[in-house]
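The residues making up each chain are set out below.
There are 8 protein chains.
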Amino acid sequence: MYGPGKSPEQCVQIVSELLEHGTGAVLVTRADDDQRKALEAAHGPASTAEAAGHTSMLWRAPEPWYSGNMLVVSAGTADVPVVDECLLALRAHGIEAQRITDVGVAGLHRLLARLDDVMTADLVIVIAGMEGALASVIGGLSGKPVIAVPTSVGYGSGLDGVTALLAMHATCANGVTVVGIDNGYGAACAAARIVRAARGSS
Amino acid sequence: MYGPGKSPEQCVQIVSELLEHGTGAVLVTRADDDQRKALEAAHGPASTAEAAGHTSMLWRAPEPWYSGNMLVVSAGTADVPVVDECLLALRAHGIEAQRITDVGVAGLHRLLARLDDVMTADLVIVIAGMEGALASVIGGLSGKPVIAVPTSVGYGSGLDGVTALLAMHATCANGVTVVGIDNGYGAACAAARIVRAARGSS
Amino acid sequence: MYGPGKSPEQCVQIVSELLEHGTGAVLVTRADDDQRKALEAAHGPASTAEAAGHTSMLWRAPEPWYSGNMLVVSAGTADVPVVDECLLALRAHGIEAQRITDVGVAGLHRLLARLDDVMTADLVIVIAGMEGALASVIGGLSGKPVIAVPTSVGYGSGLDGVTALLAMHATCANGVTVVGIDNGYGAACAAARIVRAARGSS
Amino acid sequence: MYGPGKSPEQCVQIVSELLEHGTGAVLVTRADDDQRKALEAAHGPASTAEAAGHTSMLWRAPEPWYSGNMLVVSAGTADVPVVDECLLALRAHGIEAQRITDVGVAGLHRLLARLDDVMTADLVIVIAGMEGALASVIGGLSGKPVIAVPTSVGYGSGLDGVTALLAMHATCANGVTVVGIDNGYGAACAAARIVRAARGSS
Amino acid sequence: MYGPGKSPEQCVQIVSELLEHGTGAVLVTRADDDQRKALEAAHGPASTAEAAGHTSMLWRAPEPWYSGNMLVVSAGTADVPVVDECLLALRAHGIEAQRITDVGVAGLHRLLARLDDVMTADLVIVIAGMEGALASVIGGLSGKPVIAVPTSVGYGSGLDGVTALLAMHATCANGVTVVGIDNGYGAACAAARIVRAARGSS
Amino acid sequence: MYGPGKSPEQCVQIVSELLEHGTGAVLVTRADDDQRKALEAAHGPASTAEAAGHTSMLWRAPEPWYSGNMLVVSAGTADVPVVDECLLALRAHGIEAQRITDVGVAGLHRLLARLDDVMTADLVIVIAGMEGALASVIGGLSGKPVIAVPTSVGYGSGLDGVTALLAMHATCANGVTVVGIDNGYGAACAAARIVRAARGSS
Amino acid sequence: MYGPGKSPEQCVQIVSELLEHGTGAVLVTRADDDQRKALEAAHGPASTAEAAGHTSMLWRAPEPWYSGNMLVVSAGTADVPVVDECLLALRAHGIEAQRITDVGVAGLHRLLARLDDVMTADLVIVIAGMEGALASVIGGLSGKPVIAVPTSVGYGSGLDGVTALLAMHATCANGVTVVGIDNGYGAACAAARIVRAARGSS
Amino acid sequence: MYGPGKSPEQCVQIVSELLEHGTGAVLVTRADDDQRKALEAAHGPASTAEAAGHTSMLWRAPEPWYSGNMLVVSAGTADVPVVDECLLALRAHGIEAQRITDVGVAGLHRLLARLDDVMTADLVIVIAGMEGALASVIGGLSGKPVIAVPTSVGYGSGLDGVTALLAMHATCANGVTVVGIDNGYGAACAAARIVRAARGSS
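Residue numbers (my numbering), protein chains in the order written: chain A, 1 to 202; chain B, 1 to 202; chain C, 1 to 202; chain D, 1 to 202; chain E, 1 to 202; chain F, 1 to 202; chain G, 1 to 202; chain H, 1 to 202.
Here chain A stands alone, though its shape is the one from the complex (with noise of 0.2 Å):
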């Protein structure tokens, strides 16, 4: 459930009839203060990842049955919010994942050192501001999918993510797929779909 344009009550009875009648895991992204204390106070504590402004919520976590190897990756502690994200929603579709979260292209003897994690990757999500230069990298070293998300960190030139959005579609790394700005969301669901999709064709 997309929390923006929903009063706190709406969501509410929302999420109550998804845990009432479903019986799947029940995720809410972008809640505001409001929206995930009405939330608390009706349905206890959930499992959250925060970013600037809002909250992501999760209730009923299904049990894990991905067994691959994924991996999210990011350059810097400012892009943390949209990894936390990402890994709640991978979480909401029953897969959990590795997190590299400091091996941005500037120091390339930290991404040097991890090395093997990407390459023994079967997904790499990658999470990058700024120029988005993570992904090209990652696309040259791994032949798996890679999944880039641009995210808003950075002001000036970074246009809010545009320049990074930009930039990751002018990448030279082929094969390399893109989602929207700070969507780490939308990432776990394009992962989500090839590793179903990938379990269902064994």
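Hints in this document: simulated from the structure, not taken from any laboratory.
Mixed in with the good hints, there may be bad ones.
As the list claims (entries may be wrong) - Using C-beta positions, here's what the derived DEER-type ranges look like:
#	chain 1	residue 1	chain 2	residue 2	range
1	E	Pro64	A	Asp34	52 to 62 Å
2	C	Glu9	F	Leu115	52 to 62 Å
3	C	Ser7	A	Pro64	52 to 62 Å
4	F	Glu17	C	Gly24	20 to 30 Å
5	D	Lys37	H	Gln98	51 to 61 Å
6	H	Ser16	F	Asp34	35 to 45 Å
7	F	Leu115	D	Arg110	14 to 24 Å
8	A	Pro64	G	Ala41	57 to 67 Å
What the hints assert, rightly or not - Quick look at which bits of chain B chain C covers, simulated, 3 or more residues with Cβ under 8 Å:
#	stretch
9	103-110
10	136-146
As the list claims (entries may be wrong) - To give an idea of the chain A side of the interface with chain C (calculated C-beta under 8 Å), a few residues:
#	residue
11	Gly5
12	Lys6
13	Pro8
14	Gly94
15	Leu165
16	Ile181
The beta-carbon is built from N, C-alpha and C at its ideal position, and this holds for glycine as well.
Place chains B, C, D, E, F, G and H on chain A using the hints.
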């Protein structure tokens, strides 16, 4: 091999080396007329896909190995050159895919008539210009991996594909991923990453 | 009366004159909180439609006279404030319209479930943010006048509604017309022009 | 039929089918020189409207049926090709409209000299490039449906029509609607939707 | 003196020096609330013009010397703060000008009712947001110097005044010049340059 | 007369009428090669100014009447065609102006060597591409009317003149006004408005 | 250490480690109020530079070692916070530089009064908002390395610094290089790279 | 000498004067075919660097004097023309530099294979199109001056080099500076400023 910026002689030379020393497919993308003629004179006829002003050329296509059901779908005739480039690049990866090229969202009945094809595909590449709405619709219909390619088809407020690119990223369908403008080749590479990884994971 | 830039006292004064000397409906759009309170204190409760940060207010709604079947349709809950503003402005013109607010193209089944309503409407106002694809789909289904309103719903590459506006203009559905971002009021005025002219021409 | 992306042979073939099996008008928009020659060789002379680099062609124009008073108005000679395309498309719908093509807002006396024509029209299509101001003025004068077409006329800060498109949407005249840049065809389709619906509603 | 970036103490200090050592008018533009309070406490009440979030302040206005007929004209109430800033800056140059603030082009009759004022003015400053069309119309009516000020009034596709700025430059009225967005002060300076030079040349 | 969009025959016809029935100068701007040849064949040689791809042509230049000291200044040779168009348009208004065309701000000594010319001019038209800085410098040096013309000279981040246009509007020199990109003709008209009004006011 | 995205506790912890285990200067950029208070409480007062909404903090400034003549120059008071940040970052590198902060190109006499300082500097950092013209002028005057910093000072067509950034890149002064918007810290790092390399090469 | 805007005769004339009266190198940038032929006919063969549509030409290259280790590095063959222009301009300054032209970040192993060259260079010029990521990586590896040149290589979301320019400014590598799009000449001038100043400072 990416054509632009290389002389016809350089193209012939590089392809010669790839054909002699390599064992796999040799794909040249975005060759201009001079490059094409020189390559055909030197290496014989290739499988080709043509778009306005450039040609993709494939020698030594591998045996198809993919047993799944991949679909490349576009809105109208103007998108067909990107579809052709995508299918040729898929063949270079050993993948045969179906094509549907006349299901723009403004003629919803045509899309509905092909609903079975969409719902049974294991992976869908959606190629669309103008407002790119087809990606949202397909992404909502199918739970399988969906890769969207914005095209520079259209004029005026289409902004040479930038509108479609932005629109596909603003889509309300979760888990759709996007590659660069007119980048049918990139979509094919992304699809190959996914189906190879799936084969490996089975 | 357009609220922004006027003091609460100016608003009260202008509305007083309109109520005293005019005979028709009095509509205030985009009133802020101070304007709203001053107007309600002076002129009593109004019919209202609320959006983030402003309110539209209607006094002395005329008797509905429109006997046709007008439809205001949107993709999701986040577009509802613009729908509300549009419906209030239609009422100021003496027009009652139906509403459907949950038929985003990524959930095509929901739209198909309301297909009869769309096909039998005499005029459709489509209100959609993000990529604005709903306008293309409705424009293809219906041969009646279709007016599209891009909304600033969404974030990132939605560019505060500019992406939806450009996308709606790049649409492949012929004869769809567009008004400004979040301009539910403008769409209502455009619809009123059309149905008034039609009444006059019969 | 939209010309771009089709070979001359495809054009001839599609038009043949439309002429043989259909009963209505056949309109080809944005044909290039090769398409035009092939079409005229195969199907005889058509009614045409020319713009820089392409031609619209109409065979089997229907009997005019529209008894109203429709007006297509533009600012200057540079907009005339879009006016011509619009009028030809209207004729394909069986609608004859008046034209006024020299009433730019910088020469207000010329517009005032045609005020009666504007005030008595049942529907006005305004075609204007540069800053697109004519749409605001006409929209304020007439209470009937007004459809604005931004054109790519002008250079520099006109940004190939994007400035006119944005300006028309920022207009202070309520209820003016807009179609895409240079899209005279789209404006004709929108007008046809309106007058057909009006006829049906009488 | 331009306020932003200076502490209230710096403002007081600079104005003190200007008042003590200079002989002419002292104008502070874009003062914030703290600057305003500190300045009024130190230097007594000033003539002021207020806009959202800042104030222009004038001490020691010179005797008006300009005997011509200058006109500052705007489209609507939302542009008034820029009109006020412009008039205050003109007074700092010793120029008294007339004002007309309700002649938007969508209500052409209101403009026509003031036609005499426009035609007899020696110089016209046109202040307009949204699509900025008023500059084209005035520029066509008057053969005298016309200076246009785009304002950030409006929302959505007005792009905070950029649309009006681009549109005013794409105008079809020859010889209209433009200053920056919301820059009523700059227009006043430009007007002062012209009338001072004219006085010198007589 | 603005050339684009008119056939050579139309151009000849309009100029014929202007020469026969009018008494003043006849100026054609932005004529292409065909228009130029037809006009010269019909009306004899004209005074001309050439820019890449078009020519301005002047017949029957009036007697110069302006006794002031007007200056047209540009940064480098690439701006000269716009300077030429501006000077020709001034001559059509009966104004002879001086020219200085090699005083870009990156070579400040060249500008300083011409300081007297700048300081004694009654009106300065500044024509500059790239970053447009010359307008700021001249605007700071001279207290007389300064009209800036951004040019499309330069490439890359010059964005075909949009950067210069935006930069000139963001200038720190108060009272500089700006016309459209490459619009030497518009600057000449603006200058003519100013000096005509000044003559009238003397 | 870059502040944004870190909690006050994380900031304190990271600085603790840097102070304990490192030997060099510790610089925190863009700390918000909470981060600043926590850092000062834990580590005592720092040398600081303040800009709107954030503070740069420096502990354990190294002994100055640079014997050259470096100059940081800006146009006006509004640019001073970026100048301060730049000077503080230079001090963290052991570099003391001169500052001049009131030589905007619109007041050329002020710049000329400081010409000796500019001509004798070994390296110049130019910090300028609005149209960024100062970089062109300084780049033309000095043959030494010149680093330009566009600032987000100004409003309207300044586009939050993007205009200055584009303009500085379109400059006609050869060999001027540019860093990001408001990035005084980056300019300091670039200068440190240059003077360190120069010291090493002597 | 910058070629555009000068006639072949002007070019020959200016170069004649420079060769006769000057003593240093004579460099012509961006000469078109006609200029080139005229210059070679008049002054004999030059050292040249060619890019699509223009040629840089160098006569009388000075004796190399630079004893350092400068490196010009690019991502792929499409960037080579800018590399060539840069190296020719460096030679005009008496500087010989190494070149590496196939180390795009998507093939990190190729870059790592040249790591020694990067780490031992005294100054690195990085020339990269598409997303410009190479500048970030090199800037992180080397502590020496790094100058980045965005190129217009690539298409679609590369926006003719604007994406690379914005991305390079949003880079996470501190102290990297940037010159204009495709401006290999400017980077050479910036490098010459640095190494000349360093020589002077030794």
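Each hint tested on the structure:
Separation of Pro64(E) from Asp34(A) is about 56 Å and conforms to the stated range, judged on CB atoms against 52 to 62 Å. At roughly 55 Å, the beta-carbon separation of Glu9(C) and Leu115(F) lies within the given 52 to 62 Å, and the hint holds. Distance hint check for Ser7(C) and Pro64(A): the Cβ-Cβ separation is about 60 Å, which falls inside the suggested range of 52 to 62 Å. Distance hint check: the CB atoms of Glu17(F) and Gly24(C) are about 50 Å apart, inconsistent with the given range 20 to 30 Å.
The hinted window of 51 to 61 Å between Lys37(D) and Gln98(H) holds, with their beta carbons roughly 57 Å apart. At roughly 37 Å, the beta-carbon separation of Ser16(H) and Asp34(F) lies within the given 35 to 45 Å, and the hint holds. Hint check: Leu115(F) to Arg110(D), Cβ distance near 47 Å, so the stated range 14 to 24 Å is violated. Separated by about 42 Å at the C-beta atoms, Pro64(A) and Ala41(G) break the suggested range of 57 to 67 Å.
As drawn, the stretch 103-110 of chain B meets chain C at 5 residues by the rule of a beta-carbon pair under 8 Å; at three or more, the given contact holds. Here's how the stretch 136-146 of chain B fares: 5 of its residues keep a CB closer than 8 Å to some CB of chain C, so the rule of at least three is met and the hint holds. Because the beta carbon of Gly5(A) sits about 3 Å from the nearest beta carbon in chain C, less than 8 Å, this interface hint is met. For Lys6(A), the interface hint holds, since its Cβ comes within 8 Å of a Cβ in chain C; the closest pair sits about 6 Å apart.
The interface hint given for Pro8(A) is violated, since its Cβ lies 13 Å from the closest Cβ of chain C, which is over the 8 Å cut-off. Hint status for Gly94(A): violated, given a least beta-carbon distance of 22 Å to chain C, over 8 Å. About 6 Å separates the beta-carbon of Leu165(A) from the nearest beta-carbon of chain C, less than 8 Å, and the hint is met. Restraint check, Ile181(A) versus chain C: the minimum CB separation of about 3 Å is within 8 Å; hint holds.
The structure fails to meet hints 4, 7, 8, 13 and 14 from the earlier list, while all remaining hints are met.
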